[in-house]
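**Student:** Sequence:
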Amino acid sequence: MMNYQLKCKDLGFDSCDFISTGNSDNELKRKFYFHTMISHEKELEQMAEEKKIELHNLVKRILDNQN
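So the sequence shown is numbered by this note's numbering: it starts at 8 and just counts up by one.
Among the hints, a few may not be true.
What the hints assert, rightly or not - In silico DSSO-like pairs for lysine-lysine, Cα to Cα no more than 30 Å straight-line: (1) Lys49 x Lys16; (2) Lys58 x Lys36; (3) Lys49 x Lys59; (4) Lys38 x Lys67; (5) Lys59 x Lys16; (6) Lys16 x Lys36; (7) Lys38 x Lys58; (8) Lys36 x Lys49; (9) Lys36 x Lys14; (10) Lys14 x Lys67; (11) Lys38 x Lys59; (12) Lys16 x Lys58; (13) Lys59 x Lys14; (14) Lys38 x Lys14; (15) Lys14 x Lys58; (16) Lys67 x Lys49; (17) Lys16 x Lys67.
Just so you know, these hints were derived from the structure itself, not from any lab.
Sequences are here, hints too, so could you generate the full structure?
**Tutor:** Written as structure tokens, this is what we have:
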């Protein structure tokens with residue numbers, strides 16, 4: 008059973024249907040960040056550092072709400 012779930016759409020990648028799942032928040036983050044580095048490389052390269060920090064904090068809040 009997967010306890011954690013995070014969608015690219017949760018973070019504003021509206022054209023991406025990827026959903027990351029994991030039995031722990033660390034497992035989920037590992038899978039999710041790997042996906043974003045591969046599939047959203049261009050968006051991340053063009054993104055301001057402040058926006059990247061906002062996205063990281065949003066991931067943390069979403070996962071905290073799943074506990």
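**Student:** Now, for every hint given, state plainly whether the structure supports it.
**Tutor:** Going through the hints against the structure:
1. Lys49 x Lys16: holds (17 Å)
2. Lys58 x Lys36: This hinted pair holds, its Cα atoms lying about 18 Å apart.
3. Lys49 x Lys59: Roughly 13 Å between the alpha carbons, so the hint for Lys49 and Lys59 holds.
4. Lys38 x Lys67: holds (14 Å)
5. Lys59 x Lys16: holds (15 Å)
6. Lys16 x Lys36: holds (15 Å)
7. Lys38 x Lys58: holds (20 Å)
8. Lys36 x Lys49: holds (20 Å)
9. Lys36 x Lys14: With a Cα-Cα distance of about 11 Å, the restraint between Lys36 and Lys14 holds, given a limit of 30 Å.
10. Lys14 x Lys67: The hint holds at about 13 Å.
11. Lys38 x Lys59: holds (17 Å)
12. Lys16 x Lys58: Distance of about 16 Å is within 30 Å: holds.
13. Lys59 x Lys14: holds (16 Å)
14. Lys38 x Lys14: holds (11 Å)
15. Lys14 x Lys58: holds (17 Å)
16. Lys67 x Lys49: holds (23 Å)
17. Lys16 x Lys67: holds (15 Å)
When held up to the earlier numbered hints, the structure conflicts with none and fits them all.
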